[in-house]
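Using the sequences and the accompanying hints, generate a full structural model.
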Amino acid sequence: MTQDTPYIFDATTADFDQSVIANSFHKPVLVDFWAEWCAPCKALMPMLQTIAESYQGELLLAKVNCDIEQDIVARFGIRSLPTVVLFKDGQPVDGFAGAQPESAVRTMLEPHVQMPPPAAADPFEQAQALFDDGRFADAEAVLTVLLGEDNTNAKALILYARCLTERGELGEAQTVLDAVKSDEHKAALAGAKAQIQFLGLAKNLPDAADLKARLAKDPQDDEAVYQLAIQQLARQQYEAALDALLKLFVRNRSYSEGLPHKTLLQVFELLGNDHPLVTTYRRKLFAALY
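So the sequence shown is numbered by full-length UniProt numbering: it starts at 1 and just counts up by one.
Check each hint, because a few of them may be wrong.
To be verified - List time: in silico SDA-like cross-link candidates among lysine to any residue, alpha-carbon distance up to 20 Å:
1. Lys155 with Pro123
2. Lys155 with Asn273
3. Lys155 with Ala179
4. Lys88 with Ile21
5. Lys284 with Tyr255
6. Lys42 with Asn65
7. Lys27 with Glu110
8. Lys247 with Asp218
9. Lys63 with Gln91
10. Lys181 with Gly191
11. Lys155 with Leu170
12. Lys212 with Gln236
13. Lys247 with Leu277
14. Lys63 with Ala35
Everything labelled a hint here was simulated from the structure, so no lab data went into it.
The structure is reproduced here in structure tokens:
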């Protein structure tokens, strides 16, 4: 049986002292005593290899073919197969005979072998998580490093632009988005552009408080309803904005040449198809249309 990693290997009489005993002073070595005729051995071996691979070099797996390496069998008094022995600091410290479930093998290894630390998070995933937590400056710092290595990374450029947008650098954010040439992330690109548009529009509109005062006097003031929705979108108050836009669309479809409908679709792009608000309001819009 073959193996694909440097920490899984065959041990022979000639090299056992070096490959197992000496190595066990540096890393624990799990020794699998097996034979071709032993069906349980063949069932156990792939599982042991999977376990060894999960330790990423913190555990070595040595395989001893007992039909060939009779001297090792006699040396350690192996009487049944499969037998598995864990060596550490030159000595056998634990083991078992017969097939065992993976959970039992891992439990045996736990006191003797340290699991490797988890792989470092993908830089973009790390930046996305920071952005989702509202830590825009931290996300921007991670993206700056990532884009320093590859300034054509479309999804990183889009998220970087959204970070810039969050701190009011709308012009710079638009320049970054204009540099995205890939068609692979169309929805994310459209959403980022929509966010810039909403923030830009909001800067030239009356304050939210003034708009609410107008609506308190006249709830049918369509202009105030629409402008307040834009202010809410700029402040990421998406549910309130979607609700207002949908009600405005139902009441006055022709308002400003169908602008509420167009804006709803822009918000859907901004939030993405997986967002629960998009699922809810897309269904409500469909019902209103048909």
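Do the hints match the structure? See the list:
1. Lys155 with Pro123: holds, 12 Å
2. Lys155 with Asn273: holds, 17 Å
3. Lys155 with Ala179: With Cα atoms ~12 Å apart, Lys155 and Ala179 stay inside 20 Å; holds.
4. Lys88 with Ile21: Given pair Lys88, Ile21 holds - Cα atoms ~8 Å apart, limit 20 Å.
5. Lys284 with Tyr255: Roughly 19 Å between the alpha carbons, so the hint for Lys284 and Tyr255 holds.
6. Lys42 with Asn65: Answer holds: Lys42 to Asn65 is near 12 Å, not above 20 Å.
7. Lys27 with Glu110: Distance of about 14 Å is within 20 Å: holds.
8. Lys247 with Asp218: Holds, at roughly 15 Å.
9. Lys63 with Gln91: holds, 17 Å
10. Lys181 with Gly191: Judged against 20 Å, a Cα distance of about 16 Å means the pair holds.
11. Lys155 with Leu170: holds, 18 Å
12. Lys212 with Gln236: At roughly 17 Å apart (the allowed maximum being 20 Å), Gln236 and Lys212 satisfy the hint.
13. Lys247 with Leu277: Roughly 15 Å between the alpha carbons, so the hint for Lys247 and Leu277 holds.
14. Lys63 with Ala35: holds, 10 Å
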